[in-house]
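Student: Residues per chain, in single letters:
There are 2 protein chains.
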Amino acid sequence: MLKHSPDIDFPEWYQEVLKKAELADNAPVKGAIFIRPYAYAIWELMQAEMDRRIKAAGAENAYFPLFIPLSYFEKEKEHVEGFSPELAIVTHAGGSELPEPLAVRPTSETVIGAFMSKWISSHRDLPLLLNQWANVVRWEKRPRAFLRTTEFLWQEGHTAHVSEGDAAQYARMILDDVYSDFMYRVLAIPTIKGQKPPSERFAGATNTMTCEGMMGDGKALQLATSHELGQNFARSFDIQFANAAGAREIAWTTSWGSSTRMMGGLFMTHGDEHGLRLPPSVAPYQVVIVQINDDPEQERLANQLRGSLVELGIRVRVDRDTSRGLGARVTDWEIKGVPLRVDLGAREASEGVLTVLRRDTMQKSKVRLDEFVPAVPALLARIQEDMLASAITRRDQRIGEASSVADAVELAQTGFVRMPWAILRDGGEEQLKPAALSVRCLVTQNGEVPLRDDVDDAIAIVARAY
Amino acid sequence: MLKHSPDIDFPEWYQEVLKKAELADNAPVKGAIFIRPYAYAIWELMQAEMDRRIKAAGAENAYFPLFIPLSYFEKEKEHVEGFSPELAIVTHAGGSELPEPLAVRPTSETVIGAFMSKWISSHRDLPLLLNQWANVVRWEKRPRAFLRTTEFLWQEGHTAHVSEGDAAQYARMILDDVYSDFMYRVLAIPTIKGQKPPSERFAGATNTMTCEGMMGDGKALQLATSHELGQNFARSFDIQFANAAGAREIAWTTSWGSSTRMMGGLFMTHGDEHGLRLPPSVAPYQVVIVQINDDPEQERLANQLRGSLVELGIRVRVDRDTSRGLGARVTDWEIKGVPLRVDLGAREASEGVLTVLRRDTMQKSKVRLDEFVPAVPALLARIQEDMLASAITRRDQRIGEASSVADAVELAQTGFVRMPWAILRDGGEEQLKPAALSVRCLVTQNGEVPLRDDVDDAIAIVARAY
Chain A
136 MLKHSPDIDF PEWYQEVLKK AELADNAPVK GAIFIRPYAY AIWELMQAEM DRRIKAAGAE
196 NAYFPLFIPL SYFEKEKEHV EGFSPELAIV THAGGSELPE PLAVRPTSET VIGAFMSKWI
256 SSHRDLPLLL NQWANVVRWE KRPRAFLRTT EFLWQEGHTA HVSEGDAAQY ARMILDDVYS
316 DFMYRVLAIP TIKGQKPPSE RFAGATNTMT CEGMMGDGKA LQLATSHELG QNFARSFDIQ
376 FANAAGAREI AWTTSWGSST RMMGGLFMTH GDEHGLRLPP SVAPYQVVIV QINDDPEQER
436 LANQLRGSLV ELGIRVRVDR DTSRGLGARV TDWEIKGVPL RVDLGAREAS EGVLTVLRRD
496 TMQKSKVRLD EFVPAVPALL ARIQEDMLAS AITRRDQRIG EASSVADAVE LAQTGFVRMP
556 WAILRDGGEE QLKPAALSVR CLVTQNGEVP LRDDVDDAIA IVARAY
Chain B
136 MLKHSPDIDF PEWYQEVLKK AELADNAPVK GAIFIRPYAY AIWELMQAEM DRRIKAAGAE
196 NAYFPLFIPL SYFEKEKEHV EGFSPELAIV THAGGSELPE PLAVRPTSET VIGAFMSKWI
256 SSHRDLPLLL NQWANVVRWE KRPRAFLRTT EFLWQEGHTA HVSEGDAAQY ARMILDDVYS
316 DFMYRVLAIP TIKGQKPPSE RFAGATNTMT CEGMMGDGKA LQLATSHELG QNFARSFDIQ
376 FANAAGAREI AWTTSWGSST RMMGGLFMTH GDEHGLRLPP SVAPYQVVIV QINDDPEQER
436 LANQLRGSLV ELGIRVRVDR DTSRGLGARV TDWEIKGVPL RVDLGAREAS EGVLTVLRRD
496 TMQKSKVRLD EFVPAVPALL ARIQEDMLAS AITRRDQRIG EASSVADAVE LAQTGFVRMP
556 WAILRDGGEE QLKPAALSVR CLVTQNGEVP LRDDVDDAIA IVARAY
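Protein chains in written order, with our numbering: chain A, 136 to 601; chain B, 136 to 601.
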């Protein structure tokens with residue numbers, strides 16, 4: 136059991152989990168973190184599955200430079216206004232002052248725009264579908280590990296298309312198939328997909344779509360965004376192509392990103408008073424076998440179980456650090472959120488019956504030794520499903536309906552609020568600010584993502600947010 | 136056929152290959168490059184296999200911050216002297232001047248040292264084995280794509296041990312099992328492993344070991360290094376542990392790195408007058424099927440072949456861009472170095488006999504359609520073997536023996552030179568400089584990597600180098 140409960144003091148609970156589950160540590164530079172091996176292993180699992188989906192969407196990975204001349208930002212007016220306050224600037228290098236200061240990339244639209252302009256000449260070069268996995272830097276005034284850090288790891292997709300329709304369709308497909316479906320099926324996070332109101336759009340976008348997750352304290356976390364950039368960047372960076380008739384046209388571009396912030400979302404969606412709860416699909420160890428005594432028979436059995444599980448493609452860890460007390464070991468694995476724990480001591484070895492703990496429910500059950508291994512795959516699948524179902528229930532219980540700003544302010548103390556966008560559109564958004572609320576996204580009456588200009592009767596999802 | 140031959144004008148040949156094989160493009164910032172999708176796909180294959188080996192060596196991946204306070208560098212005297220001329224410095228961020236300038240990491244020994252000092256307290260915490268995949272920045276006066284760029288991608292391993300012997304053994308194991316064996320088996324590059332002379336050691340190391348590859352022009356390329364750092368960094372960053380008896384001791388650390396430079400080594404080891412030659416193990420497409428005409432029967436056959444090869448785990452690309460001339464298409468795949476090419480036209484479809492080209496030898500052969508797919512795995516394995524064998528032959532033919540500096544200068548015009556280290560140790564190294572030669576590494580009489588202090592009768596490998 137942790138010292139802090141997520142129901143009572145969520146921020147302190149989060150700090151305690153970061154430390155005790157060995158996820159992150161503060162770096163010497165304010166707002167930057169060291170991602171510790173256990174968290175990085177989660178990130179690698181997430182990254183592998185995301186990368187598979189990005190490639191299935193036809194995008195190719197590439198690598199673009201970290202440093203971007205400041206003048207590149209100035210080419211797109213809204214972009215430079217949006218990002219200027221967050222830039223880190225390199226002024227000296229190689230022992231002397233640089234002729235032009237360089238920005239450390241906060242995102243790569245500008246430099247990729249310049250490359251696209253070189254590589255696109257004909258409609259046959261389109262669509263051009265690129266993605267990169269990289270670090271980016273945005274100076275943060277109020278950093279918080281994984282949610283908002285000065286430096287973070289992410290993927291950023293950048294595509295160019297022959298028409299507005301193609302670009303819109305691609306941006307939407309990424310939102311659906313790469314982001315929202317990944318979070319739902321893999322992270323067991325049921326996000327709400329929608330369109331950002333104009334005030335919350337990415338700097339330079341004509342449409343920003345988002346997946347918003349509800350955290351354990353009822354606050355919203357923006358987990359990934361997909362943008363239509365119209366012809367804004369294409370015009371600034373001269374991304375032109377010859378159409379089938381040979382005439383020059385300006386391309387339509389998109390960009391889309393998701394980051395290590397998703398790890399914060401994962402921890403804050405599923406964590407409880409015992410620590411992390413990891414869905415099996417992204418758990419570095421899906422099963423931990425705790426060998427209770429320093430005993431050759433227990434060791435033999437633990438190794439045998441481990442071998443059989445590994446053969447089934449299951450990620451297993453054997454904890455045989457019997458020099459530590461059993462209580463502390465067991466608590467540590469609970470804090471780390473390992474989905475299944477098996478305690479293996481003298482009685483288990485002699486009686487041939489294992490005690491198995493499901494971390495998501497904390498339920499213990501007895502399983503015969505010879506029945507355990509074949510049961511694990513279905514059990515892990517069940518945990519994954521149940522975690523999603525319970526996240527959906529928690530979310531839905533905490534969504535209220537409001538028909539005025541005053542009602543919204545009250546309801547949003549514990550969760551999300553649905554209310555007509557018409558109430559907020561003309562000045563109402565401003566009234567949310569003193570209560571630290573914002574419109575997280577707009578959805579249609581049926582809960583779909585609205586088309587860009589079709590938001591008159593949309594529902595606004597209002598919440599406190601990270 | 137390329138315009139430039141590697142035998143006549145190697146640097147121009149390299150530039151031509153970079154462009155025509157779509158590997159890299161220059162970034163707006165001098166010395167930085169854009170790694171294009173085809174090269175990045177090669178990097179992903181290399182990275183996956185390296186990562187597997189690093190994990191097999193027991194190291195865990197983590198992520199450390201990009202920005203390092205300048206004061207951290209100053210803690211280790213040799214380290215700061217070595218790296219100061221290459222640092223990029225951030226002086227402003229978030230709209231104001233920083234209280235302390237930040238270096239963009241050129242390597243992470245210092246910041247990881249600071250973390251290790253926090254995380255290590257007992258001998259039970261050792262060895263601590265960490266690795267990170269990241270970008271680093273070293274300002275370059277004479278950049279060249281993949282070989283020497285201002286920013287590059289790499290992995291850097293950092294470990295701490297209880298004793299000098301453990302640290303030395305681990306650093307050597309990384310050199311052997313992760314680096315040299317990977318290059319030999321996977322990249323088909325037969326490197327020469329050895330110890331760097333003191334003048335060429337990493338800044339702050341007590342011993343640097345290296346893998347040196349011979350490029351197509353006979354120059355050496357340092358492909359990976361593994362360092363013993365003694366207690367230098369541990370002392371500067373206070374990495375201490377309580378030994379079994381409870382007394383405080385200072386840890387012994389290592390670091391080791393390899394980078395996107397290995398791609399340059401791959402291209403420059405195997406490339407020929409037709410372009411790249413890729414070993415099958417790192418070829419993004421191991422087989423390309425060139426569909427000659429826009430014809431449904433050819434398309435059906437191409438898809439069928441593709442499907443059968445994919446089932447065998449082979450990476451296949453079908454080129455059905457029949458709007459381009461066949462000659463240009465075929466030349467492009469030769470430049471891109473795809474190991475096997477199959478031309479599929481009307482005659483092949485009707486006669487049921489395929490024309491298969493081996494890129495490494497440029498030999499064509501006829502293969503019956505129904506015999507082709509089952510033959511591919513063995514054929515790819517054969518290409519991999521033959522490419523290694525021919526690289527070994529080329530290397531060995533270009534290693535000469537010298538017994539004086541004057542002889543070495545002459546022999547090194549075309550390849551490597553072996554000569555007694557005793558001749559160079561006391562002032563001889565200086566005499567190599569005017570001829571742009573250096574001691575690449577020291578090996579024992581038997582060609583092994585010498586122990587650190589056992590180099591009296593070592594052989595020096597002397598060469599021009601990138």
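It is worth saying that the hints were derived from the structure and are not from the lab.
Fair warning: there could be bad hints in the mix.
Copies of the same chain look alike in the list, so a pair counts if it works inside one copy or between any two.
Said to hold, decoys possible - No more than 25 Å apart at the CA atoms, straight line, and that leaves these computed lysine to aspartate or glutamate pairs for DMTMM-like:
| no. | residue 1 | residue 2 |
| --- | --- | --- |
| 1 | K253 | D456 |
| 2 | K190 | E232 |
| 3 | K210 | D144 |
| 4 | K190 | E179 |
| 5 | K190 | E209 |
| 6 | K210 | D311 |
| 7 | K253 | D521 |
| 8 | K210 | D531 |
| 9 | K154 | E434 |
| 10 | K190 | D456 |
| 11 | K190 | E446 |
| 12 | K138 | D531 |
| 13 | K212 | E335 |
| 14 | K165 | E221 |
| 15 | K190 | E483 |
| 16 | K253 | D430 |
| 17 | K276 | E147 |
| 18 | K165 | D478 |
| 19 | K165 | D373 |
| 20 | K276 | D429 |
| 21 | K138 | E520 |
| 22 | K354 | E545 |
| 23 | K190 | D160 |
| 24 | K154 | D467 |
| 25 | K210 | D505 |
| 26 | K501 | E583 |
| 27 | K276 | E195 |
Student: Within a copy, between copies, both or neither: where do K501 and E583 come within 25 Å Cα-Cα?
Tutor: Neither: 45 Å inside a copy, 56 Å across copies.
Student: 25 Å Cα cut-off: does K210 pair with D144 within a copy, between copies, both or neither?
Tutor: neither (45 Å within a copy, 40 Å between copies)
Student: Tell me, please, which holds for K276 and E147 at an alpha-carbon limit of 25 Å: within, between, both or neither?
Tutor: Cα proximity of K276 and E147: one copy only (19 Å, versus 49 Å across).
Student: Quick one: K154 to D467, C-alpha cut-off 25 Å, is that within a copy, between copies, both, or neither?
Tutor: This pair counts as within: shortest intra-copy Cα distance 11 Å, inter-copy 53 Å.
Student: Go through the copies and call it for K138 and D531: within, between, both or neither, with a Cα cutoff of 25 Å.
Tutor: Classified as neither; 28 Å inside a copy, 66 Å across copies.
Student: At most 25 Å between CA atoms: does that hold for K253 and D521 within a copy, between copies, both, or neither?
Tutor: Answer is neither: 50 Å inside a copy and 38 Å across each miss the 25 Å cutoff.
Student: For K165 and E221, with the copy left unspecified, which applies at a CA distance of at most 25 Å: within, between, both, or neither?
Tutor: both (14 Å within a copy, 24 Å between copies)
Student: Is it within, between, both or neither when you check K253 against D456 at 25 Å Cα-Cα?
Tutor: Only across copies: K253 and D456 sit 22 Å apart there, 58 Å inside one copy, limit 25 Å.
Student: If the cut is 25 Å between Cα atoms, do K154 and E434 qualify within a copy, between copies, both or neither?
Tutor: neither (30 Å within a copy, 57 Å between copies)
Student: Please work out whether the CA atoms of K165 and D373 approach to 25 Å or closer within one copy, between two copies, in both situations, or in neither?
Tutor: between (38 Å within a copy, 22 Å between copies)
Student: Within a copy, between copies, both or neither: where do K210 and D531 come within 25 Å Cα-Cα?
Tutor: Answer is neither; intra-copy 44 Å and inter-copy 54 Å both fail.
Student: Is the C-alpha distance from K190 to E483 at most 25 Å within one copy, between copies, in both cases, or in neither?
Tutor: Intra 46 Å, inter 32 Å, cutoff 25 Å: neither.
Of the hints listed earlier, those the structure fails to meet are numbers 2, 3, 5, 6, 7, 8, 9, 12, 15, 16, 18, 20, 21, 25, 26, 27, in rising order.
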